[in-house]
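Protein sequence lines, in the order shown, are assigned to chains A and B.
Terminal number for the first sequence in this note's numbering: 1112, no gaps in between.
Terminal number for the second sequence in this note's numbering: 976, no gaps in between.
The hints are simulated quantities; they were obtained by calculation from the structure and are not laboratory data.
Certain hints may be false.
Dumping the calculated DSBU-like pairs for lysine-lysine here, alpha-carbon to alpha-carbon at most 30 angstroms [what the hints assert, rightly or not]:
{"#": "1", "chain 1": "B", "residue 1": "K672", "chain 2": "A", "residue 2": "K1104"}
{"#": "2", "chain 1": "B", "residue 1": "K856", "chain 2": "A", "residue 2": "K955"}
{"#": "3", "chain 1": "B", "residue 1": "K695", "chain 2": "B", "residue 2": "K623"}
{"#": "4", "chain 1": "B", "residue 1": "K856", "chain 2": "A", "residue 2": "K823"}
{"#": "5", "chain 1": "A", "residue 1": "K1104", "chain 2": "B", "residue 2": "K966"}
{"#": "6", "chain 1": "A", "residue 1": "K996", "chain 2": "B", "residue 2": "K691"}
{"#": "7", "chain 1": "B", "residue 1": "K856", "chain 2": "A", "residue 2": "K833"}
{"#": "8", "chain 1": "A", "residue 1": "K833", "chain 2": "B", "residue 2": "K879"}
{"#": "9", "chain 1": "B", "residue 1": "K672", "chain 2": "A", "residue 2": "K823"}
{"#": "10", "chain 1": "A", "residue 1": "K915", "chain 2": "B", "residue 2": "K695"}
{"#": "11", "chain 1": "A", "residue 1": "K1012", "chain 2": "B", "residue 2": "K623"}
{"#": "12", "chain 1": "A", "residue 1": "K915", "chain 2": "B", "residue 2": "K856"}
If the Cβ cut is set under 7 angstroms, some of the chain B residues that face chain A in the computed set are [unchecked claim]:
{"#": "13", "residue": "L718"}
{"#": "14", "residue": "C804"}
{"#": "15", "residue": "D806"}
{"#": "16", "residue": "V819"}
Beta carbons: idealized from backbone N, C-alpha and C, even for Gly.
Given next are the chains, with one letter for each unit.
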Amino acid sequence: MENKRLALSNAQLKWENIFRRVLKIMSAILVLIVVGVFITLIVQSWPTIKSLGIGYLWGKVWDPVSNVYGAYPFLIGTLLTSFIALFISIPFSYAIAIYLGEYNPKGWLSDLLKNTVELIAAVPSVIYGFWALFVLVPIIRSLELKWHIAPYGIGVFTSSLILAVMIIPYGASLGITLIRMTPSPLKEGAYALGATRFEVIQKVITPYTRSGLFAGVLLSLGRALGETMAVTMVIGNTSALASTFKDMIFGPGNTMASVIANEFTEADHTQYLSALIELGLVLFCVTVVINLIGKRIITRFTN
Amino acid sequence: MDFSNQQNQSVALSQGIQRFTISGKEKNMVLAFFLSLVFGPLGLFYSSVRGGIIMTVSGAVIGLSGKFTDSPVLFKQGLIFVWTVSMIWSYNTAKKTIKNDDKRLMFRNAESLLYKALIFILAFMITIPLVIILIYIIRQGVTQVNWHFLTHVPAPVGEKGGGIANALLGSFLMVLMSAILAVPVGIAGGIYLSENPKTRLAYYSGLCVDILQGVPSIVVGIVIYFWIVKPIGFSAVSGSVALAIMMLPIVIRSTEQTLKMLPDSLKEAALSLGVPYHRVILKVIVPCGFAGILSGIMLSIARIIGETAPLIFTAFGNSYLSTNIFGPMESLPHVIFTYATSPYDDWHNLAWGASFILLVFVLTLNIVTKVITRKWKVQL
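Whenever a hint applies, use it, and build me the whole structure from the sequences.
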């Protein structure tokens, strides 16, 4: 009887240890994946890193046929689309955050807005791209005709518009939580001194949540930088650098992610492939840094 | 002593907030505003000489640079910017000179109301693109969808009919496989993170969750290409692994958050009854947080079902019905991408139908998740 119980508890102990080990291994897998991703990217892009060095990033010509690789046009394309999208999206996500965080946190109207924001985030990017290609592009084309710009329709500006819609939810949903975290004694103090609601928002809530809102902007920038499908479908995909500023914004271009999506399966020799993978490496590093800074700011803010 | 009629009132709410001082000769706000509306930076001279000088100089600089670089767009935008800034500037400086308290209060209240209206309008503008997109996709897609569409493979160009059976089956199989891969790992990782939040491994794997959440999906596609596609070729398995990697961070985070919110007494009570640790976790803790974990899984599925980028060079696409998971396989987002960018109208219609189906899936998953979280009062 005694022996049996002892044996049972021994077996249980064994299971317990196995269970703990499994948990540990499973979370170690995650670390392995991330390290593996990083190592794979470096190893596969090594030929380009070795032969072109840092000059790869400033090379202005991307011509796989004659084996010349420069990432500058794509860097510019990525930065332009992301930052234009960011500038368009900031007022809207700020307004949503203020409205849901301060003006109207409860009730059917705010539920409606909250659900809308969630649905905007849920729609797959390929559907945004498809819709933009068939609805937004003609609209932009007629606008460009009116503004006396070459009427491409597709291009950096169009992809920025659709990107802006896609990244609004990221900044907004973070902003809502942060704005709700403003301590009410601060707000009440301001009201007691006779501040209007606008003044409270402008002079108490916004300064208090500034770092958190900045983190939200960073996170949506990270999203915008890495977004592939919608941009690929409407940006026009030319690797040539536009000569004038106007062409750069309204003409077709290419981002790092869209180049990879378009040319990866066509890459027929090692140099070409590794040049593309180095783009992926740059994208990976930039988004990782941006995300980690953003998350660090948020954790510091919430604690 | 009458405080309200003091010449200099200063209001400091807390540190870091600028002082608000009423001084100088009183100016008419409406006049100031209209002067700068009509004359721009020159009108600003009425309320603030310093502001007038600054804005006129910057306006001149922008105007001259626009002239020399021959770029009318920049010139126009620059002028609009200068005009707007000087309008706001003149309004604000004029406001600070008003000595009558009631009048100032009226303006402040009006400002507050105006701001509220602005915020309201800006916030609800977001519903416009969503409604337009939804209506457009539904209108284009719903006419395409019928039984034939759901049970046939795409027809060649020029032939009528054809459907997306291959993509439906492919998407289903791949999402199923990636869920089988990611859910156990994700739940186990989440349990580890919530049970041992202080260990070094937990710190690094938490960091890796943050990193994975932000990694662009196309990068995951590249890496899986080298891990799996190079050895065994374009295959549904590789697509599933890529999707599973996209799914992991969401499952882990939701599991961790849910389990962290369960009271410790639950675990302590079970442990004090002599129940071994693994049974406490599997039979007490996980069932208690089941709703939260489930909604996390469903959210992650809703996210990966629309992912296209990692599938382009892993699952690759296949225009025939295929259940061979070691061969190329079609998926809904990929079929939309290839057919949307093709030049044929028939294929566009196919893509609209596929978009409609995909949208219905994604929205249904989101709504069901919402119902679950509301019913069990889960916070995510």
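- Is the straight-line distance between the alpha-carbon of K1104/A and that of K966/B 30 angstroms or less? Holds: K1104/A and K966/B sit about 25 angstroms apart, inside 30 angstroms.
- Task: Decide if the proposed pair is consistent with the structure: K856/B and K955/A, CA atoms, cutoff 30 angstroms inclusive.
- Result: Violated. K856/B to K955/A sits at ~57 angstroms, over the 30 angstroms cutoff.
- Query: Can the restraint linking K672/B and K823/A be considered satisfied, given a maximum Cα separation of 30 angstroms?
  - Reply: violated (76 angstroms)
- Query: Taken at face value, is the distance from the CA of K623/B to the CA of K1012/A at most 30 angstroms?
  - Reply: holds (25 angstroms)
- Query: Given the hint that K996/A pairs with K691/B, does the C-alpha gap stay at or below 30 angstroms?
  - Reply: Distance ~23 angstroms between K996/A and K691/B Cα, so the pair holds.
- Query: Holds or violated: are the alpha carbons of K856/B and K833/A at most 30 angstroms from each other?
  - Reply: Roughly 18 angstroms between the alpha carbons, so the hint for K856/B and K833/A holds.
- Compare the distance between the alpha carbons of K672/B and K1104/A with 30 angstroms, and conclude whether the hinted pair is satisfied. Roughly 39 angstroms between the alpha carbons, so the hint for K672/B and K1104/A is violated.
- Item | Agreement of K915/A and K695/B with the hint, judged by alpha carbon distance not exceeding 30 angstroms | violated (39 angstroms)
- Query: Does K856/B pair with K823/A here, judged by a C-alpha cut-off of 30 angstroms?
  - Reply: holds (26 angstroms)
- Message: Please check whether L718/B passes as an interface residue: C-beta within 7 angstroms of a C-beta belonging to chain A.
- Response: holds (3 angstroms)
- Sort out whether K623/B lies within 30 angstroms of K695/B, counting only the CA atoms. Holds, at about 10 angstroms.
- Message: Would the hint on C804/B be counted as holding, given a Cβ-Cβ threshold of 7 angstroms to chain A?
- Response: Holds: closest Cβ of chain A sits about 4 angstroms from C804/B, inside 7 angstroms.
Violated hints for the displayed structure, listed by number in ascending order: 1, 2, 9 and 10.
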